[in-house]
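Modelling step: build the complete structure from the supplied sequences, incorporating the hints.
Each protein sequence line maps, in turn, to chains A and B. Taking numbering that gives the first Met the number 0, I'd label the letters of the first sequence as residues 0 to 300. Taking numbering that gives the first Met the number 0, I'd label the letters of the second sequence as residues 0 to 284.
Treat the hints as calculated values from the structure; they're not laboratory data. Check the hints yourself; a few may be wrong.
Partial list, derived from the structure: chain B residues whose beta carbon lies under 8 Å from chain A [stated by the list, open to error]:
1. F112
2. M125
3. A157
If you want the ones that stay clear, here's a sample from chain B, every Cβ over 12 Å from chain A, calculated [as the list claims (entries may be wrong)]:
4. E53
5. T54
6. N91
7. S153
8. E220
9. P243
10. S244
11. I261
12. N262
13. E267
14. H269
15. K273
16. T280
Each residue gets a CB set at the ideal place from its N, CA and C atoms; glycine is no exception.
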Amino acid sequence: MTYSDIVLELINNDDRYIIMTSENRAAFRSLPPLIKNNFVDTGITEQTMIGMAAGLALRGRTPIVHALATFLTMRAFEFIRTDVGIANLPVKIVGAVPGFLSDGNGPTHQAIEDVSIMRGIPNVNVFCPADEDDMITGLKTVFTCPSPFYIRYNTAKAVVEHGKFEIGKAEVFGNGTDVAILVYGFLFGESFKAKQILESKGVSVRLINIRTPKPVDEETILRSVDECRLIVTIEDHFITGGLYSILAEVLLRNRKTAAVLPFALMDKWFKPGMLNDVLNFEGFTAEQIAVKIINQISIDH
Amino acid sequence: MKKQNLLELKQTSMRVREHIIRLSGNGGCFIGASLSCADLIVYLYKEFLNVSKETLNDPERDYFFLSKGHDVPALYGTFVELGWLEKDRLNNHLKTNDFIYWHPNINIPGIEFHSGSLGHNLSVAMGVAMDCKLRKQKNRIVVVVGDGELNEGSMWEALLVASAYKLDNLLVVVDRNQFQANMKTEDLIPLKPLAKKFEAFGCKAKKVNGHNFEKMDELFETFPFEKGKVSVVIAETVRGKGLPSIEKRADRWFVNFKEEEINQLLKELHGAKKTKLTSETIVAR
Numbered sequence: 000m001t002y003s004d005i006v007l008e009l010i011n012n013d014d015r016y017i018i019m020t021s022e023n024r025a026a027f028r029s030l031p032p033l034i035k036n037n038f039v040d041t042g043i044t045e046q047t048m049i050g051m052a053a054g055l056a057l058r059g060r061t062p063i064v065h066a067l068a069t070f071l072t073m074r075a076f077e078f079i080r081t082d083v084g085i086a087n088l089p090v091k092i093v094g095a096v097p098g099f100l101s102d103g104n105g106p107t108h109q110a111i112e113d114v115s116i117m118r119g120i121p122n123v124n125v126f127c128p129a130d131e132d133d134m135i136t137g138l139k140t141v142f143t144c145p146s147p148f149y150i151r152y153n154t155a156k157a158v159v160e161h162g163k164f165e166i167g168k169a170e171v172f173g174n175g176t177d178v179a180i181l182v183y184g185f186l187f188g189e190s191f192k193a194k195q196i197l198e199s200k201g202v203s204v205r206l207i208n209i210r211t212p213k214p215v216d217e218e219t220i221l222r223s224v225d226e227c228r229l230i231v232t233i234e235d236h237f238i239t240g241g242l243y244s245i246l247a248e249v250l251l252r253n254r255k256t257a258a259v260l261p262f263a264l265m266d267k268w269f270k271p272g273m274l275n276d277v278l279n280f281e282g283f284t285a286e287q288i289a290v291k292i293i294n295q296i297s298i299d300h
Numbered sequence: 000m001k002k003q004n005l006l007e008l009k010q011t012s013m014r015v016r017e018h019i020i021r022l023s024g025n026g027g028c029f030i031g032a033s034l035s036c037a038d039l040i041v042y043l044y045k046e047f048l049n050v051s052k053e054t055l056n057d058p059e060r061d062y063f064f065l066s067k068g069h070d071v072p073a074l075y076g077t078f079v080e081l082g083w084l085e086k087d088r089l090n091n092h093l094k095t096n097d098f099i100y101w102h103p104n105i106n107i108p109g110i111e112f113h114s115g116s117l118g119h120n121l122s123v124a125m126g127v128a129m130d131c132k133l134r135k136q137k138n139r140i141v142v143v144v145g146d147g148e149l150n151e152g153s154m155w156e157a158l159l160v161a162s163a164y165k166l167d168n169l170l171v172v173v174d175r176n177q178f179q180a181n182m183k184t185e186d187l188i189p190l191k192p193l194a195k196k197f198e199a200f201g202c203k204a205k206k207v208n209g210h211n212f213e214k215m216d217e218l219f220e221t222f223p224f225e226k227g228k229v230s231v232v233i234a235e236t237v238r239g240k241g242l243p244s245i246e247k248r249a250d251r252w253f254v255n256f257k258e259e260e261i262n263q264l265l266k267e268l269h270g271a272k273k274t275k276l277t278s279e280t281i282v283a284r
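So, in structure tokens, the structure goes:
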């Protein structure tokens, strides 16, 4: 099943669903002729699209709005906050090519503050699937729940089999106690490989696929803080407002602290290029992640 | 228009103006723009819109959006006159025990959507208009926008899309009072020729005196102005209409009048001489 199949099935079963785009049809090219009235392309107009989505939602529809993550979350930010957030309308905001996935486009196209700004809006939840399978596993729940949601679209090939999806529940791989790696989105794949490298060197790891940074699975995070010696956060996002910040908030709320090693973009945009080269340049390959973690462990002990 | 209706419209709009004036103390309100669109709003609710207290949630009702949300005293005043809102609730203006403040809130019966940030409600109304069309319902969707609001790029972006989707169940009414916050529109960001701008964006635009009920009636009866096109009414109005002491004044955009000024203004509304305003002028933006 693909993203497109899920949208088609939802619309075929329930006329309330309507897919909208500001001319970013790549994810569902074959759909328009099949769904006619439930497909709206507003042209390159993110603000108008979100406003219209709010209006459609007022009439009982559930619009799924699909556009490039950077323009959708930032050009139309105030529309999302004001028309969707304040009214708490069931609009599903799907941001395409988020984070490193914008590879060669350059900083204009780098949505690396999207999690921060979307989760900052009251009522708006956030789903960052690890890969295509994870996205497919979670989409139906996210699309059919009554709250507004931001979804970081991700069709990366899965390296694991994902379990049942529940909003606000993280997915845990392994029960290691040396290191807990917290990750959301596309970098799950590199993190999984890093876990294997670390384990081959005798480091015990648990990998936590956060899935929904909002609402976040506080219980799973706190358990890993209690049971593991080092907490690692990995995200293709600015260091501000993303997973590292979420962890800090969880720790502070619970009067705890931890040894934390963050992998994030440190107040800078990333070097544009082909995806694998970008990962290598910015230090986010599995090998680079594993080496940094091992170094940190040896410093700490 | 029947004489009886005309008389009732005039009397209603007078009472709405009284509500607006009473809301202009104890924290104040945007009086100038509220008075410019009072006649328009009264006309639309009394004569044009197919909506009543009983049909406020009927999916086939007509919709009204006040995109220039700071004029909400005119809207709440009208709701009081329609019997949708208890008059006493206006005393809750700016009190935290109610939802009555400087911009519309959906907890007040009759408010379809909140506004306040300019350039939003047109696209929200378009979503409603599109859904009504998809369901083959006959609702008419009216959006009142400000002329100053037309500075916002999102207005013109939305019109491009509304024209592309041929939303001819949509009626955009511009409260053309010639002012934006602190300046005359033509002195800051000129809009002329405004009708031509709308037509260039695919709409059918017509002008009317926004204080003349008979002229408004003649024009609104012809809606939709052209099949397949968004209808636009440029309602030529006067900022502060009804109170010569504040009419067409840039410095009386937002006011917070004292009780004695309010009492004088209520008399001025009914023909007494100009009020001597002593409270300081406020630049709210």
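Tested hints:
1. F112: Cβ of F112(B) sits 7 Å from chain A, so the hint holds.
2. M125: Cβ of M125(B) sits 5 Å from chain A, so the hint holds.
3. A157: Constraint on A157(B) satisfied, holds at 5 Å.
4. E53: Holds, because the least Cβ-Cβ distance between E53(B) and chain A comes to about 20 Å, which exceeds 12 Å.
5. T54: Holds: least Cβ distance 15 Å, greater than 12 Å.
6. N91: holds (21 Å)
7. S153: violated (5 Å)
8. E220: holds (26 Å)
9. P243: holds (37 Å)
10. S244: holds (35 Å)
11. I261: Given that every Cβ of chain A is farther than 12 Å from that of I261(B), nearest at about 32 Å, it holds.
12. N262: holds (37 Å)
13. E267: At about 37 Å from chain A, E267(B) clears the 12 Å cut-off, so the statement holds.
14. H269: Holds, since 39 Å exceeds 12 Å.
15. K273: holds (39 Å)
16. T280: At about 29 Å from chain A, T280(B) clears the 12 Å cut-off, so the statement holds.
In this structure, the one hint that does not hold is number 7.
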